[in-house]
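Go by the hints and put chain B onto chain A.
Chains A and B, in that order, give the protein sequences. First residue of the first sequence: 1, per our numbering; consecutive thereafter. First residue of the second sequence: 1001, per our numbering; consecutive thereafter.
Just so you know, these hints were derived from the structure itself, not from any lab. Please note that a few of the clues may not be correct.
As the list claims (entries may be wrong) - Here are the computed lysine to aspartate or glutamate pairs in the EDC-like style, where the Cα-Cα straight-line distance is at most 16 Å:
id : chain 1 : residue 1 : chain 2 : residue 2
1  : B       : K1181     : B       : D1252
2  : B       : K1257     : A       : E109
3  : B       : K1299     : A       : E109
4  : A       : K235      : A       : E604
5  : A       : K595      : A       : D667
6  : B       : K1181     : B       : D1273
7  : B       : K1299     : A       : D117
8  : A       : K595      : A       : E664
9  : A       : K595      : A       : E688
10 : B       : K1212     : B       : E1141
11 : B       : K1299     : B       : D1252
12 : B       : K1299     : A       : E672
Claimed, not checked - Label-pair distances were calculated between CB atoms; the ranges are:
id : chain 1 : residue 1 : chain 2 : residue 2 : range
13 : A       : M512      : B       : Y1069     : 34 to 42 Å
14 : B       : G1254     : A       : M512      : 31 to 39 Å
15 : B       : A1290     : A       : G46       : 53 to 61 Å
16 : B       : V1093     : A       : G46       : 56 to 64 Å
17 : A       : F281      : B       : S1103     : 37 to 45 Å
18 : A       : A681      : B       : A1033     : 55 to 63 Å
19 : B       : K1299     : A       : Y19       : 23 to 31 Å
20 : A       : V41       : B       : V1093     : 52 to 60 Å
21 : B       : L1050     : A       : R689      : 34 to 42 Å
22 : B       : Y1069     : A       : V41       : 51 to 59 Å
23 : A       : T5        : B       : G1112     : 55 to 63 Å
Said to hold, decoys possible - With the C-beta cut set under 7 Å, the calculated list includes, among others, these residues of chain A facing chain B:
id : residue
24 : P116
25 : Y331
26 : V381
27 : R394
28 : F408
29 : P500
30 : F506
31 : F533
32 : F534
33 : T538
34 : R665
35 : R669
Idealized CB from N, CA, C, for every residue including glycine.
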Amino acid sequence: MTEQTSLIFGNLDWNVTPYTDLLLNPNSSTIIGAGAATILVLGAIGAVALLSWKRWWGPLFRIWLSSADAKKIGIMYIVLALIMLARGVIEGFVMRAHQATALGTLASEENGLIAPDHFAQLFSTHGTIMIFFVAMPLLIGLINFVLPQQLGARDMAFPVLNQVSLGMTAAGAALVMISLLIGKFGTGGWTMYPPYTGIDYSLGEGVDYWLWAIAISGVGSTLTGMNFAVTIFKKRAPGMHFMRMPLFCWTSLCVAIMLIYAMPALTVSSAMLLLDRYAGFHFFTNAAGGNMMNYANIFWMFGHPEVYILILPAFGVFSEISSTFSGKKLYGYTSLVIASMSIAVISFTVWLHHFFTMGQSSSVNIAFGIATMIIGVPTGVKIYDWMATMWRGRIRVTAPIVYLVGFFILFVIGGLSGIILANPSIDYQVHNSTFLVAHFHNVIIPGVLYGMLAGIHYWFPKAFGFRLSETWGRRTAYLFVGGFLFTFMPLYVLGLMGLPRRSPTFQNPDFMPLMYIAAFGGCLMLCALTSLFFTFWTSWRNRIQLAVPGGDPWNGSSLEWSSPAPVPEWNFPRIPKVRARDDWGATKRAGDPWKAPSSYVDIEMPANTYFGVILAAAAFMLGFAMIWHIWWLSIAGLLTIVGSIFWRGMRVIEPHVVPAAQVEREDRRFREQVAALTPVARIDEETERNRGVPDLTEFAG
Amino acid sequence: MVALLFLPAAAMAAAPTQSFLQPMSATAQEQSAHLMRVIAVTMIVILPVLIGVPLILWRYRLRGAKAKYTPEWDYSGKLEWVLWGVPVLVIIVLAAWLWSFTSRLDPYEPVGQEPLQVQAIGLDWKWVFIYPEEGIATVDELALPVGRPVELTLTTDTVMQSMLIAPLTGQIYAMPGMTTKLNFAATRTGTAEGENTQFNGDSFGRQKFMVKALQPGQYAAWLSAVRDAPVLDDATYRVLRRRSVLAGARTDLGLSKQAIPIYFSAPDRSLFDRIVAKYQLSGDSSAVPALGGTGLPPKGGVSSR
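With the rest of the complex left out, here is chain A (with noise of 0.2 Å):
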């Protein structure tokens, strides 16, 4: 344990920033250290000055902060992601431009771009943010958006728990940004493997970053997977059979459930490491009877079904845009069911496949490696099915489909690559080389990346009311695959020719020509990030002429196409009975769909609420006091937390109650207004013409 420096202050002093490095040692790292903090300090004062120059606090505490509708935390879930992809690609980039400059010798100092310790907190903190930052707020943001429209339902099961969640993931993203100013991360790679994270290896407040991030942002995560589960199980409109529900639907009772049973792992490990540093625990240390090996296996029982939370839903998001774009009833229902389904349940059995290569017996690696290219079957069997979808249909080439196609293309050889390291014989040479991050980032970013963002953008209009620019959307999409292509084809290669992972530098010259093509790769994703923000800004400029508010710009099937764009607080102003599978499109097809219900009934919607912000900013307060050791604060936050569950637990909340004057009024205002729009062909879709009204004498889809 490191010295008790202050009661009041615990470790902090005023060495702790970046500043200090930059001061006593200045050097191309510790500037580039320096210029992160600075950006995260600038980012902070123009959000604030842009908050009060706006007057948006309040708007951004009484409308946003204090929300219970799943799709407003949604969207903000989906705020957090892209702030948190905005620094994982550009330390993804940093991590290239490194590599590239990285070439020495056995006997020279360390070289390149930054120090081998900054290195490995950038890939530490890349690891973990894009995992549990970017793509785990991504795919919970748009499933709380989607998934209560899509069932029929008006909002989630527990609407109050889900603003806890989205506070605790927040809350554990703050701690990983505030990292880069305050203090160092860890360097344990996002895996965080002990004995080297244990205290005696990992003294400071680096490893207890990445801890508490994950403890805290585990429990939000823990308690998304009931909400979506019990939403899913106990929300759905009346005649929604299970068999009904749109494959989004489905994917995500996978993610529910597998939430549920993974977390709980990754908790307990996270849980027992911090028992280790703090208290002197020997769980994963051989001294005293503990067993690092442990760790490994308790945290990939999570790690592996993580793999497939993230990638599950975008399978849903595949599901949906194939069908839609290609204007046809998606293909083999019932098989992509019973294929997502067998991939949640095989994901449990196979997480041994990471560490093959540290002494089981060979029965246990042929047993698990089996189990693991099992999971290859559905998986393919998904992939026929979206080009099943897409023959003999009318396929329009919308930015979602060239995610979608880029997917296909790309995600195929991660697949294939994925089945090389599945054979143990194999993986014993590739195994911590970079041929295993060229193929993880192969199935992460075609399957969830572009699945999120083709999902975004398919989406998008139904919370904004307008359409994102399909010119720069197609844009961001091809960057993004180029992107990708150039940046990790390479590491392929590498990984054969014998560069591990993780590697600050390295002696072979032959490595130089790709090195300097995997950092093109990261140049172009670099534009990619630029061009996917800027889509968002050159909508929001042409929003007038892309609003959609007859709501279904699109032709869809499922429900949420049948209500405005944007669509209102309660989703439907009546509560739907779904006669069929695609039951939007099925109404369009019986004519008439966009009759008036016959009566209108209050609705009772959850009421605002600052619970989820004030546990929030205790959890921070209490992660942030422990990681520096400060011992009053940690128990002030503790009490903050105990205390406003009491609070709240203590008190009658009423509900908030739509009077349905006003639900009919907004109802027949949309009404009216689609009676006077002008229906689109899908042949116009691109255009202004599209008001969100479509054709009905073109099929549904």
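Coordinates of chain B only, in the frame set by chain A:
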């Protein structure tokens, strides 16, 4: 597959060999052959996607397409059989291979009679090799006679590491307080590079060592040269255990500061076992001071600065 086409020709010629695609042993030979086979068979399910997607996209595009349009078509029993059946068959073939190769290439299985015993200790950031039967030890150099099986027993005296000698054998983790094994035999002479692949701190990228596969005569000469070196005792080991790369360890030992291997004679035959055993004592990181404890060692290789 795409990757392999781009392997620079220079990489093939350059020494030392660093990839299992330039095998120096039967093990690496089989591993690279297995890689190619897996790629070939998996193509059965991948090529239809790579070829079919662009075709579908072109033929059924909304603008200008004259192809057939069947919006209600959403199921075909025959197609289902193909979609599920072909991947299942491919996986059955792959699984059978996986089974046979994984058992055959199990690194714990000896590859021949009377293997040469070598013990490897991972340190931050170098490897100590002890030849208990030959009475020698080296830092960052592993010499082997071609044709003779080798049984390498590994541990570390620091955090978890993973040793990979790609042209000869796959990697296996080394962990404090535990031992793991690699069995292999060189089939041709040459120099391979070995490395640690599990990140363990700042100088991780320089934790490399040379593996020399020698003719038996050359190997005997190498052995007798190493036997002339100073003795590896506990005090010397404590210096080695400091956190330093090879050149740093050499300065700490009063040798020239170059990245060339260090040789020792007559190591204590129980050294390896005592290093494994010290992690099985108490939870105190200062246990077994004679061997430098089990906690974070001091930073070495600084005396020359």
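Hint check: is the beta carbon of A/V381 less than 7 Å from a beta carbon of chain B? Holds: closest Cβ of chain B sits about 5 Å from A/V381, inside 7 Å.
Does the Cβ pair A/T5, B/G1112 satisfy 55 to 63 Å? holds, 60 Å
Identify whether the interface hint at A/R394 stands, where standing means a beta carbon of chain B within less than 7 Å of its own. Interface hint status for A/R394: holds (5 Å vs cutoff 7 Å).
Cβ distance range 52 to 60 Å for A/V41 and B/V1093, holds or violated: holds, 58 Å
Taking 16 Å as the top limit, are the C-alpha atoms of A/K595 and A/D667 close enough? Holds. A/K595 to A/D667 sits at ~11 Å (cutoff 16 Å).
Next pair to validate is A/K235 with A/E604; report whether the Cα-Cα distance is within 16 Å. holds, 14 Å
Distance restraint hint 34 to 42 Å, applied to the beta-carbon atoms of A/M512 and B/Y1069: violated, 52 Å
Given A/R665 was flagged as interface, is its beta-carbon under 7 Å from a beta-carbon of chain B? violated, 37 Å
Please check whether A/F281 and B/S1103 have a Cβ separation lying inside 37 to 45 Å. Distance hint for A/F281, B/S1103 holds at roughly 38 Å.
Classify the hint on A/F534 as holds or violated, based on whether any CB of chain B lies nearer than 7 Å to its CB. violated, 26 Å
Would you check the hint for A/K595 and A/E664, treating anything up to 16 Å between C-alpha atoms as holding? It holds: about 13 Å lies between the C-alpha atoms, which stays within 16 Å.
When the least beta-carbon distance from A/T538 to chain B is tested against 7 Å, hint result: violated, 24 Å
In summary, the structure is inconsistent with hints 1, 9, 12, 13, 31, 32, 33, 34 and 35 from the numbered list given earlier, while agreeing with the others.
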